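**Student:** Go ahead and model the full structure; you've got the sequences and the hints to work with.
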Amino acid sequence: MKPESPSDLYIVSSSPHTHSGESVERIMLDVLIALAPAFLAACWFFRLEALRLTFVCVAACLLTEWLCRKAMGRARAISDLSATVTGVLLAFNLPPALPTWMAVAGSVFSIAIAKQVFGGLGYNPFNPALAGRAFMLISFTGAMTTWSQSTWLQKIAGAGADAVTTATPLGFAKEALKSGQALPVFNTGLLSDFFIGNMNGCIGETSALALLLGAAYLLYRKVITWHIPAAYLLTVLAYAVILSLASPATAIPPLFHLLSGGLILGAFFMATDMVTTPVTRRGMLIFGIGCGIITMVIRTVKTGAYPEGVSFAILIMNAFTPLINRATRNRVFGTKK
Amino acid sequence: MQTTPSPFTFSGGIHPSYNKELCSGAPIRELPMPARLVVPLSQHLGAPAKPLVNVGDTVKAGQLIAEQNGFISAPVHAPAGGKVAAIEETLTAAGRTCAAIVIEPDGSQEWELLPRIADWRTADKKDLLAQIGAAGVVGMGGAGFPTRIKLSPPADKPIDTVILNGAECEPYLTSDHRMMLEFAREIRVGAEIIRQILGAKSLRIAIEDNKPDAIAAMEQAFQGIDGDVAVTVLRTSYPQGSEKQQIYSVTGREVPRGGLPMDVGCVVENVSTAYAVYDAVANGRPLVRRVISVTGDAVQQPSNLLAPAGTLYSDLVAACGGLRGKPAKVISGGPMMGFTVSTLNVPTGKTASGLLLLSAGKISSYTSQACISCGRCVDACPMGLNPSELSQCIEADDIESAEQIALMDCVECGCCAYVCPAHRPMVHHMRRGKALVMAKRSAAKK
Amino acid sequence: MEYLLLIISAILVNNFVLSRFLGICPFLGVSKKISTALGMSGAVIFVIAIASAVTWCLQKYLLEPFGLEKFLQTLSFILVIAALVQLIDLVMKRFAPPLHAALGIFLPLITTNCAVLGVAVLNMKEGYGFIKSVLFGTSAAVGFAFALLIFTGLREKIERADPPRCFRGVAISLVTAGLLSLAFMGFSGLVK
Amino acid sequence: MDPIILQSTLWIGGIGLFSAVALAVADKYLSIPEDPRVGSVLALLPGINCGGCGYAGCADYARGIVLHGAEGNLCAPGGAACAHAIASFLGVAPVEVEKRTALVLCCGDDTETIRRSAYNGINECAAAQATAGGDKGCTYGCLGYGTCARICPVSAITVANGLARVDKSLCIACGKCIPACPRKIIKFVPAAATVHVLCCSKDKGPAVKKVCGTGCIACRMCTKVADGAINMDGFLAVVDYSKPLTSEKPIEVCPTHCIRKA
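As given, the protein sequences belong to chains A, B, C and D, one line each in that order.
Note that this note's numbering has the first sequence beginning at 1, numbered continuously upward.
Note that this note's numbering has the second sequence beginning at 1001, numbered continuously upward.
Note that this note's numbering has the third sequence beginning at 2001, numbered continuously upward.
Note that this note's numbering has the fourth sequence beginning at 3001, numbered continuously upward.
Just so you know, not all the hints are guaranteed correct.
Said to hold, decoys possible - Derived DMTMM-like pairs: lysine to aspartate or glutamate, alpha-carbon spacing no greater than 25 Å straight-line: (1) A:K302 x C:E2002; (2) B:K1445 x D:D3060; (3) D:K3209 x A:E4; (4) B:K1326 x A:D8; (5) D:K3210 x B:E1088; (6) C:K2033 x B:E1403; (7) C:K2032 x B:E1088; (8) D:K3209 x B:E1088; (9) D:K3099 x D:D3240; (10) D:K3204 x B:D1397; (11) D:K3210 x A:D8; (12) C:K2033 x B:D1397; (13) C:K2033 x B:E1395; (14) C:K2032 x B:E1400; (15) B:K1434 x B:D1263.
If you are wondering where the hints come from, they were derived from the structure by calculation, not from laboratory data.
Predicted model only: the values in this text are computed from it and were never measured.
**Tutor:** Set out below in structure tokens:
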């Protein structure tokens, strides 16, 4: 017969017994809040397309996450909001006219292959959203590089440039680079269009303004630190400046590099993904610099297959993260300086 | 005598909410003598003391009841006069069991004291050390290392700086704080004795800047002292009270890996220990009682109590007006490094500086979530370790890798677990890993 | 410049493991610890560099003059490489026993490492000269080492991960290798 | 014959011969001899590298036997057959091995015992033990966090309802679980023995009853019917496995049912 047990047991645990109050859920929620301005900007520039893609990706990610956890017989998953973040980020990296089924395929890949097979959040070596995008870029190259009509090119190429109006600024620049044409002049009006987000591109990456607002929030909330974005952006800037100094005639202006493509989105929201990036400050700087160099190599080497290199750069640096962590350990207190 | 801000700041550390106001204003109160004292024979680091009394004996307060047993050990004295009711096993706050002498106090006020050394300024160093050893003085900051040994470093390790630790960086606890306010003069004498024994040139009193009244009290008490003495005001940051971090903050010296403070010419003594040294030398009173903060939101009236060693936690709680609501956790010590206990039927000792009772709303629970590599623990670790990687290695039973990345340098301060958004039991992992390393090492020795 | 491009191409763009899928066996086998991965990398670079040189000489001075390169190439290359690896095995056992113990059965595996034969055959196919052959071989081996090192870092991370039972071990390693390969697709086209 | 065939054969043969000579020369000057018996002994061992013999794996043990004169009967998984094979190979008389099994000396699962605190920490016995002395009401009994089960190389230990149990038919007596248990309640017993006192509590009867419904309360009933094969060690009944005990009487008389068949 079992003896009677005391009515209220004290909790016993290891120290410490107090906590900062931070949680994974809160961090993910902060990321979602920070992505809100970019989402609004996407809805403004791409209308229903942005809504549709975001909804589809988030829903597909959540469903996949739930199914995976269920199949593995493991507890709790979608409440930590990480799948929602992946869904939003993936959607932000897709061109507006992408068919729904492709978005679903990408979402399933992101969650199932890039994250849950490793055991879920925290174990994945690669950023799930970017892995999903890379998978889609390679599988559905056509659809992933088809952009809707935009007026931005007509400003520089004239009204007769219909043939090329369905390209991103970077795609356009790369074509010019390949064919050896001189690049059109980028005036300040155009750059301000870029800054606001009035250009071709993936739905969430175009508006630097909205993304910077969100980034400021993340920095304020200390969800991210300045190290990776600063190292990344400054490396891109430095690379671009060197290129334009080396050959002023054909180089793309540095500001164009900063504002176009997925750089801002990548630098602040993807290259700062905690799970797949280094943990030390020095490691973060190396990570950012590496991302910057690889991005610019992919963007500016003539023969390269892709006009934009942010996703691949971050993915490749993700692979280096364990080695960077290993190489940049802090000095242990009491050991030689 | 001067007051200076600390010239250095250790990297890492955290800023928890301190909640010291709960009892920092409560003057030290003497606990009414409990009906039963369970005096553990292991209130110090090292071998437990060997009992000298038998069940049924009558003892006087201050009488030696268990003698020092080996080099690293300390004697135990009767905290009160009375009858030895039993010698039995008891559960200690740290979760181990050890033998204890149970005394039922009879209310007699007669003390059996050691001979006083009133003219300590001219006394021989050996006699002073012998007195401190005979009085059973141990480090009262937590570890309980015998003070006698700490104050006699080998000749090739000259000590030039004595640091009096009044940082009390643990949230909630205020016992050292109250000691500095109410026994400032005695602490000064204790510090002078320690300085004299070590022949140290400099004396620093290290206090965090969140205790301005204690700083003022120490400034006043140390007026007119000769030599290089200063109150060093530390930036409020946990763990300023940790020996290695404090030495760095005060002197800029880093205790080498695996080394001791004496390797960099320093000795750190807690202010309460300084008081105990004073009491032992000037009054001949052995260390049998201490001030303990009984605090937290689950106790009616948070207090600083002067309690004899061996007081059961239940008696301490009763003296504070009993429980308020239902405590979820009962912690011996502070919230950062204290031990949880499973019952209030546990005795205090020489090292217990606090008893913390927290309700469910004030504590956090641990989960088995995966590490999300946010790196906050890496930033917070005052030892420059990578707790994230360490905990993952240990979780995967990869003890060898953990040892390679400096597991044994962990001081278990708890900064990593405090900041962890995944609520991982980081310190628990570290302790488990260390235990496995120790087991491996002792197996290799055999 | 031409040589530089050759090196970059062999290391990054046409990486033997990640885009030609050669040498997968040691890639999976020796990627559990950085120390053994480094040893393996050293051994592979050494073997491939020497094998490139030896097979080039074999081709130029024996096979081609006698018109045997069409059908004896693979056979003789394998023979020479196998003997070479055995020799290195012996040398290593004698002069670097810890490394030998660490590499264990993987050293003989280099014999059947298709990367070695791959390099030799590619050298002939591309018609590289002696210096170019050795250079290409060495860079390809460095590329292999590079991929192996990155993968080992990742492998140490996923060793501590918690995949579902059916994915533990080689399965999850292959998934990781696939994702790594996916990431390196970004370099495609940069250099021919 | 087509000259090309002859030529090819000669060439390949020539290269092969050259390589062979080179290797033979290298082998002569570079190789280090190893006692061939090590390999032979290694082949006799089961090769599961459990480490139960105290050596770092089977190869190390084989080296130990051949080069350092270690006993040949240390391999528990291999058992008597393995010991005999090694002995006959080395040409020495075999040392007898008694087949043993590990046994968890506790039967207080969650339906019979109480907890004294609510444990919140890593799912591991030593870690739980280090936290306020363990959360189980009984300070001697099985904590049930399964450290032994995880360390067992053959999955012979399972934890159910807060209690670890050894499956005798699977246990290879490698002994890994024994030091792993922080409460030291896993012991080796003869595999042939069937009657066991599944309790380790040295507390007096009333103290045991407060925390466990099936602990030994030192009533001594069993000692009277066990023909000296069960003795009291303080307040705990202990089976003396050196004496034969086949009678199931002790099981019947034990009022708390802590004597069980296993």
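**Student:** All hints, please: hold or fail.
**Tutor:** Against the structure, the hints come out as follows:
no.: 1; hint: A:K302 x C:E2002; result: holds (16 Å)
no.: 2; hint: B:K1445 x D:D3060; result: holds (19 Å)
no.: 3; hint: D:K3209 x A:E4; result: holds (10 Å)
no.: 4; hint: B:K1326 x A:D8; result: holds (8 Å)
no.: 5; hint: D:K3210 x B:E1088; result: holds (19 Å)
no.: 6; hint: C:K2033 x B:E1403; result: holds (16 Å)
no.: 7; hint: C:K2032 x B:E1088; result: violated (52 Å)
no.: 8; hint: D:K3209 x B:E1088; result: holds (20 Å)
no.: 9; hint: D:K3099 x D:D3240; result: holds (17 Å)
no.: 10; hint: D:K3204 x B:D1397; result: violated (38 Å)
no.: 11; hint: D:K3210 x A:D8; result: holds (16 Å)
no.: 12; hint: C:K2033 x B:D1397; result: holds (15 Å)
no.: 13; hint: C:K2033 x B:E1395; result: holds (18 Å)
no.: 14; hint: C:K2032 x B:E1400; result: holds (14 Å)
no.: 15; hint: B:K1434 x B:D1263; result: holds (24 Å)
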